[in-house]
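Q: For the sequence shown, the positions run 1 to 354 when UniProt numbering is used.
Simulated from the structure, these hints should not be mistaken for lab results.
Source: prediction; values computed, not measured.
C-beta atoms are modelled at their ideal positions from N, C-alpha and C, and glycine is treated no differently.
Where hints are given, some of them may not hold.
Simulated crosslink set (SDA-like; lysine to any residue; CA at most 25 Å straight-line) [as the list claims (entries may be wrong)]: (1) 256 / 85; (2) 83 / 16; (3) 83 / 149; (4) 83 / 230; (5) 83 / 152; (6) 83 / 146; (7) 256 / 266; (8) 83 / 214; (9) 83 / 99; (10) 83 / 266; (11) 83 / 274; (12) 83 / 224; (13) 83 / 98; (14) 83 / 289; (15) 256 / 16; (16) 83 / 210; (17) 256 / 32.
Distance ranges between label pairs, derived from CB positions [stated by the list, open to error]: (18) 225 / 344: 48 to 54 Å; (19) 42 / 83: 29 to 35 Å; (20) 210 / 18: 36 to 42 Å; (21) 290 / 202: 16 to 22 Å; (22) 350 / 122: 43 to 49 Å; (23) 271 / 50: 30 to 36 Å; (24) 231 / 290: 33 to 39 Å; (25) 296 / 214: 26 to 32 Å; (26) 231 / 118: 46 to 52 Å; (27) 32 / 231: 21 to 27 Å; (28) 111 / 150: 28 to 34 Å; (29) 258 / 118: 21 to 27 Å; (30) 118 / 226: 20 to 26 Å.
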Amino acid sequence: MPTRDAAPPTPPHRAEATARWVRRWLVGLLAASYVLAAAAPAAGVWMAGLGADAAGDPTAMRFSLVMVGVLLVCGAMAVDVVKLRELPERPLSLLIALAGVWGPPLVVVGLWGVLAPAWLTAGDAAALAVGLALAGAMPVANSAVAWTHQSGGSLVWALGLVVLSICLCPWVTPALLRLMGLTLTGSSAAAADLLVSRFTGAIFLVWVLGPTLLGFAIRAVAGARRVAAITPWLTIVSAVSLLLLNYANAATALPKVFAESHWALLATTVIAAATLPLAGALPAWPASALAGVSRRGRIAWAYSLGMKNTGLALGLAGATLGDQPVAVLAILAVTLTQHMVAGGVHAWVARSAE
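All chains, full assembly: derive it from the sequences and hints.
A: Below, the structure written as structure tokens:
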């Protein structure tokens with residue numbers, strides 16, 4: 001009896017194919033946005049200035065904060081909150097993970113507060129410390145979920161740490177910035193004090209918690225099935241928002257650095273930025289093992305503890321640190337290097353599974 005040939009696989013929808021391409025080449029696209037910002041900064045400077053006339057109001061609708069809002073709404077819409085019910089069963093492990101999210105940045109900022117003045121001017125060293133402090137005080141990046149999924153890790157842990165750290169950051173981040181300021185001395189400490197003075201709980205409540213809750217509400221009203229149908233579009237919109245945010249902020253920082261040929265500053269910033277994701281990712285595996293977390297959970301920890309929501313950091317920096325291009329440069333460098341570190345984690349996980 002003749003057998004019926006299997007139906008050919010359905011080709012992916014154009015949006016789905018585009019979303020896959022964006023995820024695959026995101027690091028390259030980020031690098032390209034930096035090159036474009038250095039070569040043609042005019043459009044980025046214009047975008048960064050949108051809403052600048054209301055700079056005195058920390059909750060004003062500036063371009064950078066609007067992009068942050070878009071990123072957080074899209075990220076929250078993609079989260080299945082039902083999957084997070086397992087986390088309260090392991091409160092001690094959860095506390096250890098949260099300590100791993102925000103603990104290592106304290107060490108990194110303090111370390112570079114001591115090392116950077118040996119290679120940089122006092123002003124540049126202080127601005128570098130401010131940029132690292134702001135990036136390190138951020139919640140877990142949404143992209144940690146994507147990397148976790150790609151490596152076969154626990155989405156429950158990845159999603160849980162993203163959601164919980166975002167919900168806590170209106171209170172944790174200002175306190176952490178103050179604590180980081182205590183690890184610094186001289187002009188670096190003064191710059192950290194200035195950073196804290198520019199941030200209040202209001203900016204986090206309006207531009208972080210607000211969009212996150214809106215995304216959850218949209219998912220609850222629309223339903224998981226409808227949201228799943230537009231998930232590729234959420235990926236594309238998030239990527240476009242992140243790239244625009246990176247381009248706009250880089251356009252205000254990179255031309256100044258290149259014009260003055262600050263190659264030592266650029267090299268030091270990149271090296272310092274790389275230590276932030278490394279300080280989170282490297283201890284994550286042994287810490288999660290000591291906490292009794294499964295291998296899939298350890299994979300999620302490695303990404304979640306090593307990746308910061310630098311889109312949020314750039315949005316806040318664009319709204320309040322426009323006069324400190326070195327601080328913005330540090331956050332841009334963290335954005336790129338943390339994805340490179342994540343790529344290394346993915347390669348290591350793949351090899352260890354063989």
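Q: Against this structure, judge whether each hint is valid.
A: Taking the hints in turn, this is what the structure says about them:
Distance hint between residue 256 and residue 85 is unfulfilled; the C-alpha atoms sit about 48 Å from each other, more than 25 Å. Distance restraint check for residue 83 and residue 16: the Cα-Cα separation of roughly 24 Å lies within the 25 Å cut-off, and the hinted pair is therefore satisfied. With a C-alpha separation of about 14 Å, the suggested pair residue 83 and residue 149 falls inside the 25 Å cut-off, and the hint holds. With a CA separation close to 20 Å, the supplied pair residue 83 and residue 230 stays within the 25 Å bound.
Distance restraint check for residue 83 and residue 152: the Cα-Cα separation of roughly 16 Å lies within the 25 Å cut-off, and the hinted pair is therefore satisfied. The hinted pair formed by residue 83 and residue 146 meets the criterion: a straight-line CA distance of about 16 Å does not exceed 25 Å. With a C-alpha separation of about 11 Å, the suggested pairing of residue 256 with residue 266 holds against the 25 Å cut-off. A hinted pair counts as satisfied when its Cα atoms are at most 25 Å apart, and residue 83 with residue 214 qualifies at roughly 19 Å.
For the given pair, residue 83 sits about 22 Å from residue 99 by alpha-carbon distance, which is consistent with the 25 Å threshold. The suggested pairing of residue 83 with residue 266 is violated, with an alpha-carbon distance near 42 Å, which exceeds 25 Å. Our distance criterion of 25 Å between C-alpha atoms is broken by residue 83 and residue 274, whose separation comes to about 32 Å. Of the pairs offered as hints, the one joining residue 83 and residue 224 holds, with about 12 Å between alpha carbons and a cut-off of 25 Å not exceeded.
The suggested pairing of residue 83 with residue 98 holds, with an alpha-carbon distance near 18 Å, which does not exceed 25 Å. The suggested pairing of residue 83 with residue 289 holds, with an alpha-carbon distance near 22 Å, which does not exceed 25 Å. Between residue 256 and residue 16 the CA atoms are separated by roughly 38 Å; this puts the pair beyond 25 Å, and the hint is violated. Our distance criterion of 25 Å between C-alpha atoms is met by residue 83 and residue 210, whose separation comes to about 22 Å.
About 18 Å separates the Cα atoms of residue 256 and residue 32, which keeps this hinted pair within 25 Å; it holds. A C-beta distance of roughly 36 Å is found between residue 225 and residue 344, which places it outside the suggested range of 48 to 54 Å. For the pair residue 42 and residue 83, the beta carbons lie near 44 Å from each other, so the given range of 29 to 35 Å is not met. Distance hint check: the CB atoms of residue 210 and residue 18 are about 29 Å apart, inconsistent with the given range 36 to 42 Å.
A C-beta distance of roughly 38 Å is found between residue 290 and residue 202, which places it outside the suggested range of 16 to 22 Å. At roughly 44 Å, the beta carbons of residue 350 and residue 122 sit within the given window of 43 to 49 Å. Separation of residue 271 from residue 50 is about 33 Å and conforms to the stated range, judged on CB atoms against 30 to 36 Å. For the pair residue 231 and residue 290, the beta carbons lie near 35 Å from each other, so the given range of 33 to 39 Å is met.
For the pair residue 296 and residue 214, the supplied restraint of 26 to 32 Å holds, since their beta-carbon distance comes to about 30 Å. Between residue 231 and residue 118, the C-beta spacing of about 48 Å keeps the proposed range 46 to 52 Å intact. Taken as a hint, the range 21 to 27 Å holds for the pair residue 32 and residue 231, whose Cβ atoms sit roughly 24 Å apart. Evaluation of the 28 to 34 Å hint for residue 111 and residue 150 yields a pass: the beta carbon distance comes to about 31 Å.
Distance hint for residue 258 and residue 118: a CB-CB separation of about 23 Å, consistent with the stated range 21 to 27 Å. For the pair residue 118 and residue 226, the supplied restraint of 20 to 26 Å is violated, since their beta-carbon distance comes to about 56 Å.
The structure fails hints 1, 10, 11, 15, 18, 19, 20, 21 and 30 (numbered hints given earlier, in ascending order).
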